[in-house]
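Q: Sequence:
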Amino acid sequence: MRDGPIHFTAGDSEVAQAALARLTARYGQAARETAEVIVALGGDGFMLHTLHATEALPQPVYGMNCGTIGFLMNEYAEDGLTERLAAAEEAVINPLAMRAGDTKGRVHEALAINEVSLLRAGPQAAKLRISVDGKVRLEELVCDGALVSTPAGSTAYNYSAHGPILPIGSDVLALTAMAAFRPRRWRGALLPKTALVRFDVLEGEKRPVMADADSRSVRDVLWVEIRSEPAVAHRILFDPGHGLEERLIREQFV
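For what it's worth, my numbering labels the leading residue of the sequence shown as 6, then goes sequentially.
All the given hints hold, so there is nothing to weed out.
Label-pair distances were calculated between CB atoms; the ranges are:
| hint | residue 1 | residue 2 | range |
| --- | --- | --- | --- |
| 1 | 188 | 84 | 50 to 60 angstroms |
| 2 | 36 | 227 | 38 to 48 angstroms |
| 3 | 83 | 211 | 53 to 63 angstroms |
| 4 | 32 | 188 | 50 to 60 angstroms |
| 5 | 84 | 236 | 32 to 42 angstroms |
| 6 | 210 | 186 | 17 to 27 angstroms |
| 7 | 81 | 224 | 28 to 38 angstroms |
| 8 | 95 | 128 | 38 to 48 angstroms |
| 9 | 174 | 111 | 35 to 45 angstroms |
| 10 | 245 | 108 | 44 to 54 angstroms |
| 11 | 110 | 250 | 37 to 47 angstroms |
| 12 | 112 | 258 | 35 to 45 angstroms |
| 13 | 18 | 111 | 28 to 38 angstroms |
| 14 | 144 | 111 | 20 to 30 angstroms |
Calculated directly from the structure, the hints in this document are not laboratory data.
Ideal Cβ positions, reconstructed from N, Cα and C, are used throughout, including at glycine.
Work out the full structure, taking the sequences as your base and the hints as a guide.
A: This is how it looks when you write it as structure tokens:
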């Protein structure tokens, strides 16, 4: 039962801040470390921010939508919150771990709940070599970019790039190209969750590339390695019948 103290956190918008004031006045405000559950008020972007900020904490996160899309959020309502939390269904997701080396010899690390993407950073298309588990699978991909997505992130950037929607319980990752020029119309691949994906940037000085992990960017990358990180588990709560699995299925019929 999740009927203990609640910690509320909110995005910067006026709507989210007003909701924060009303809910804390009604339900109290526990310290983040001692709360039984964390309630995030905002949109999907703020939910991702909250999950990253609390990744070292054991508490689950329950989002209420004060933004636009709210794919990771529940419907906003002030009444009956403790009952909703007690009845909520839990989904556990693992993020992606990114290591990226840049032209100055620095190595950057970041975690991504939705996807890690590589994007051209100049007027010319990027040229990428793709390896999976140490074996080169595609010698040269000429494209605007490419990404690796988790099931939880498969309806976000991945879907807009015509990648597949992945069931939340599937042990696979989506590798999706953006505007692939060569090979013509290459749409990507489905890979085991355990796969280590490596992108090597070809002609990097002429065709600069940036890497992005949940909106944390690294410019002028020479290589990027991406893998699932099982050591980090994000616990997300949803109202019964409105969990990630149902949302992923529903998204495919609209």
